[in-house]
Amino acid sequence: QQQVKQSPQSLIVQKGGISIINCAYENTAFDYFPWYQQFPGKGPALLIAIRPDVSEKKEGRFTISFNKSAKQFSLHIMDSQPGDSATYFCAATSLGRGSTLGRLYFGRGTQLTVWP
Amino acid sequence: KAGVTQTPRYLIKTRGQQVTLSCSPISGHRSVSWYQQTPGQGLQFLFEYFSETQRNKGNFPGRFSGRQFSNSRSEMNVSTLELGDSALYLCASSSRTENYGYTFGSGTRLTVV
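From first to last, the protein sequence lines stand for chains A and B.
The opening residue of the first sequence carries number 1 in our numbering; numbering runs sequentially from there.
The opening residue of the second sequence carries number 1 in our numbering; numbering runs sequentially from there.
Just so you know, the hints here were simulated from the structure itself, not pulled from any lab data.
Being a predicted model, the structure only gives us computed values, none of them experimental.
You can take every hint at face value.
Here are the simulated BS3-like cross-link-like pairs (lysine-lysine), alpha carbons at most 30 Å apart as the crow flies:
#	chain 1	residue 1	chain 2	residue 2
1	B	K57	A	K5
2	A	K5	A	K71
3	A	K71	B	K57
4	A	K68	B	K57
Residues from chain A that keep clear of chain B, each with C-beta distances beyond 10 Å, as calculated:
#	residue
5	G16
6	I18
7	A24
8	D79
Note that beta-carbon positions come from the ideal geometry of N, C-alpha and C, so glycine has one too.
Using the sequences and the hints, build the whole thing.
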């Protein structure tokens, strides 16, 4: 079953707008939640990540909001730019031992298009 | 420092053949994971190696195998190729001491005809 559910599948935003992508997970053992950005022909690149001990993390225009009780986390891209047009993946894993060792569980991805 | 290097970038093979893909992790990274990316299934975990030992394996048939060498370089092999094996195969490496983030290579695009 899909361990991490991501929505929406696609998103179109005007330049300067806010892009919001949501993810939900089931496994309470997950304790590391990265977001990846992928451009065509490239591998995913780590954008920003969060641990469950904080509810929000901001890096430049990118912010992760984390709700541990709801088992949800989201990526907010402020002042979206055409150069942000890419596919975004949320992921989750446990940094400790167990069946998640060395493994990221990915959402299905969100194709973001920012119109100029 | 140099990123994760995957070779070759593109590959075309015929059904029934076998293929070997290579991954050179970031220097000092001892963990190497492999993923298959397709439009229909997204990113699917294949396996992970650490210090030449397979520590975790995804839900793929035995035709998919891998190994890691003492210099942390890794290879994955797919035998008896099927049309459905056409995908982007991604390798990612991480540092156990840093314990965060997985850096991905640009992948090998495999097309089975």
